[in-house]
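Asks: Sequence:
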Amino acid sequence: MFIKYDEYDLLELFESEPVSITGNIDDGLLMYIYKDDQNFKVNLTLDVYQQTSSLSITFKDYIVFTGEFNNVTRIKRYDKAMVIIVGEEEKIKLKFYKQLGVELL
Numbered sequence: 000m001f002i003k004y005d006e007y008d009l010l011e012l013f014e015s016e017p018v019s020i021t022g023n024i025d026d027g028l029l030m031y032i033y034k035d036d037q038n039f040k041v042n043l044t045l046d047v048y049q050q051t052s053s054l055s056i057t058f059k060d061y062i063v064f065t066g067e068f069n070n071v072t073r074i075k076r077y078d079k080a081m082v083i084i085v086g087e088e089e090k091i092k093l094k095f096y097k098q099l100g101v102e103l104l
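Each step along the sequence shown adds one to the number in numbering that gives the first Met the number 0, with nothing skipped, and position 68 is 67.
In short, the hints are calculated from the structure, not lab data.
Mixed in with the good hints, there may be bad ones.
Claimed, not checked - Only pairs whose alpha carbons sit at most 20 Å apart, straight line, appear in this in silico EDC-like list of lysine to aspartate or glutamate:
#1 79 / 36
#2 90 / 78
#3 79 / 60
#4 92 / 11
#5 75 / 36
#6 97 / 25
With these hints in hand, go ahead and build the complete structure from the sequences.
Replies: Below is the structure:
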């Protein structure tokens, strides 16, 4: 099993390519980073094959939100938002609007 997601959707939301944690993108250990002009920063790490993910949001290097998710089956994009799906259940929505936001589902 692996996490299903559209690479182009994450590229558009995070406005950058993922970084390989191990140096080999085929290992499936990836990090997406997004920074906005209001000093918010999002780090999304994926272990595509272990189906785990972690998400952190910081503001001026202060932690605003952090979460770890196991059994992640999919990541979906809805316009300017991303939803992490655990099993068959939508767990968290990350909003890339004028101000970043997170919503527990």
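Asks: Just to be careful, I want the Cα atoms of residue 79 and residue 60 compared with a cutoff of 20 Å; is the pair within it?
Replies: Given that 20 Å is the threshold and the Cα spacing comes to 24 Å, the pair is violated.
Asks: For the pair supplied as a hint, residue 79 and residue 36, confirm whether the alpha-carbon distance does not exceed 20 Å.
Replies: Measuring from Cα to Cα gives roughly 17 Å; hence the hint holds.
Asks: Starting from residue 97, check that the Cα of residue 25 is at most 20 Å away, please.
Replies: violated, 33 Å
Asks: Would the hint linking residue 92 and residue 11 be met if the CA-CA limit is 20 Å?
Replies: holds, 16 Å
Asks: Checking one constraint from the list: CA of residue 90 to CA of residue 78, max 20 Å. Satisfied?
Replies: holds, 17 Å
Asks: Given the hinted pair residue 75 and residue 36, is their Cα-Cα distance within 20 Å?
Replies: violated, 25 Å
Hint compliance for this structure: hints 3, 5, 6 are not met, and every other hint is.
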